[in-house]
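Colleague: Build out the structure end to end from the sequences listed, making use of the hints.
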Amino acid sequence: MKQLLILGAGTGGTMMANHLVRKLDQRNWQISIVDEFATHYYQPGFLFIPFGIYQPDQVMRPKTDFLPKGVNFIQQPIEEIKASSNQVVLRDGTILNYDILIIATGVKIAPEMVAGLTDSGWHEQVFDFYTWEGATALAKKLQDWQGGKLVVHLAELPIKCPVAPLEFAFLADWYFHKRRMRDQVELTLVTPLSGAFTKPRSTAVLNHLLADKNIHIVTDFYTERVDGTARKIYSYAGQEVGYDLLVTIPTNAGDPVIARSGLGDELNYVPTDKYTLQSKNFENVFVLGDATDLPASKAGSVAHFQAELLTENLLNFINGKPLEPTFDGHANCFIESGFGKAFLIDFNYEVEPVEGRFPLPIIGPMALLKETRLNHWGKLAFKFIYWNLLLRGIPIPMITARMSKLGKKIK
Amino acid sequence: MPTKTFAGLTVEVNDEGYLTDRAQWTKELAQAIALEEGIAELTPAHWKVIEFLQQDYAERGALPSIRRLNAVGGVPTKDLYNLFPGGPLKKPRALPACPNRPVVFEPQEEASYGRKQRKNQKGFNYRFAWFA
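Protein sequences appear in the order of chains A and B.
Each residue of the first sequence is one higher than the one before, starting from 5 at the first, in the working numbering.
Each residue of the second sequence is one higher than the one before, starting from 442 at the first, in the working numbering.
By construction, these hints were calculated from the structure, which means they are not laboratory data.
Do not take every clue at face value.
To be verified - Straight-line C-alpha distance at most 30 Å; calculated DSSO-like pairs for lysine-lysine:
#: 1; chain 1: A; residue 1: Lys153; chain 2: B; residue 2: Lys519
#: 2; chain 1: A; residue 1: Lys112; chain 2: A; residue 2: Lys67
#: 3; chain 1: B; residue 1: Lys489; chain 2: A; residue 2: Lys284
#: 4; chain 1: A; residue 1: Lys112; chain 2: B; residue 2: Lys519
#: 5; chain 1: A; residue 1: Lys164; chain 2: B; residue 2: Lys519
#: 6; chain 1: A; residue 1: Lys345; chain 2: A; residue 2: Lys164
#: 7; chain 1: A; residue 1: Lys278; chain 2: B; residue 2: Lys489
#: 8; chain 1: B; residue 1: Lys519; chain 2: A; residue 2: Lys236
Stated by the list, open to error - To give a feel for the contact side, a few chain A residues facing chain B, derived at Cβ under 8 Å:
#: 9; residue: Glu160
#: 10; residue: Ala234
#: 11; residue: Tyr238
#: 12; residue: Tyr240
#: 13; residue: Ala241
To be verified - To list a few chain A residues with every Cβ distance to chain B over 10 Å, as calculated:
#: 14; residue: Tyr45
#: 15; residue: Thr135
#: 16; residue: Gln147
#: 17; residue: Asp148
#: 18; residue: Lys153
These numbers were taken from a predicted model, which means no experiment stands behind them.
For each residue, glycine too, the CB sits at the ideal point set by N, CA and C.
Modeller: Put into structure tokens, the structure is as follows:
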């Protein structure tokens, strides 16, 4: 019996388990998946919790609900990956041997990597919303916050879901309007980028929107430290920004087990071939989702597209065929912009987000890089799709793993 | 293809001001560009940064982040800001479609995304481009 081992039962790992259990002959292959936690969080929902749009319990389900029969789920922290001897050691000392390893350990916020961030006022005046705990604590704080300077702060890139800080700022604008206290809140977005987003055409659109909503933006701000007592953040270039309430996206880093195993770069991301998802150092190790060092967005949609293509490539690998360089960096995401509207963007390694229609060319019905109500409903409907189709590896109609250029206004 | 002359050395650049031909890059050219950007002399500390960038770019096909320069290249971030005032590294990893053009040092006040914006700014807009 050959062993296929998946590390991490998050979005990427769960999808791989579902795809592979159908494709691999179960008489020859045993699929196991290891994760330290029992709860699967719908991470895109964390954005909505602080504003009371989702309740905390709406984004949680047991991981086992999404793991198919025939897959062996091991709930145990991972101590070390010994890639040169094809072994994984668990916290309780169990040694798992593998023929093929899939690393899907994702990325976590690492507040301790930003100097001073957790020293004073953590989850009192300083909050993250990238964790369930952070989002829930922030919801409580916002409920009776009296206004003042709200700073949305992005410490360093890359981060999971690069548009989330913007969405947070847009939703905050809407939330305080709704509570009739927008004039008492000074909203500022602080970013190390030179504009709202990483890609030029969307940046132009989003910068404009920020100005419309009276959200200030401080660019090129590379954070040196946070002083929770003085309530200020400082950059290396000597800028300082004061806050009453700081909503921060701390440095994001790959799982510490990657560092313990000596497999990662300076942020614990695993060096990975950007087209085949094979690890650069070990040919029977594959990496998907946020755990890679690919220059693609760290987003669920990316993991989704990767999972479909990696499944095909794994079959090639098992059958001794050459790997196909199929992954094109395709990412797709909604950008919630407040007041019941949202943007939708679709892009890959080569093509930045542009205007057009999605998923069908010309017909749509969704509009790309435009603010519409339908996109907002799409974003809300996505939770249902995530739980019921995406995680279970069921194809979503008309959504292709490789990006289609049809119907896009590419210059 | 536009050209630009630094201290008597004429090189080909693209419309954003970056060198297009790696072979035209020399240490003298780097010094000449630095002078234009307000750095009187490239010290060994500057060269340590430049050499790490070149080596890392050659190995990984992407420019390192400030964190990587610190963690792997051994250049403390504070020093980086002192060495190249007003324009630290742009974070190439922040740009998922990592540009092949190596944006190395960009002055902060006029840093902006997009070809269009840069084109619209008349006059010299040549940023440090140590290698193409």
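Colleague: Evaluate each hint against the coordinates.
Modeller: Outcome of the hint check:
no.	hint	in the structure
1	A:Lys153 to B:Lys519	28 Å, holds
2	A:Lys112 to A:Lys67	18 Å, holds
3	B:Lys489 to A:Lys284	27 Å, holds
4	A:Lys112 to B:Lys519	26 Å, holds
5	A:Lys164 to B:Lys519	26 Å, holds
6	A:Lys345 to A:Lys164	22 Å, holds
7	A:Lys278 to B:Lys489	29 Å, holds
8	B:Lys519 to A:Lys236	19 Å, holds
9	Glu160	7 Å, holds
10	Ala234	20 Å, violated
11	Tyr238	12 Å, violated
12	Tyr240	5 Å, holds
13	Ala241	6 Å, holds
14	Tyr45	24 Å, holds
15	Thr135	21 Å, holds
16	Gln147	34 Å, holds
17	Asp148	36 Å, holds
18	Lys153	23 Å, holds
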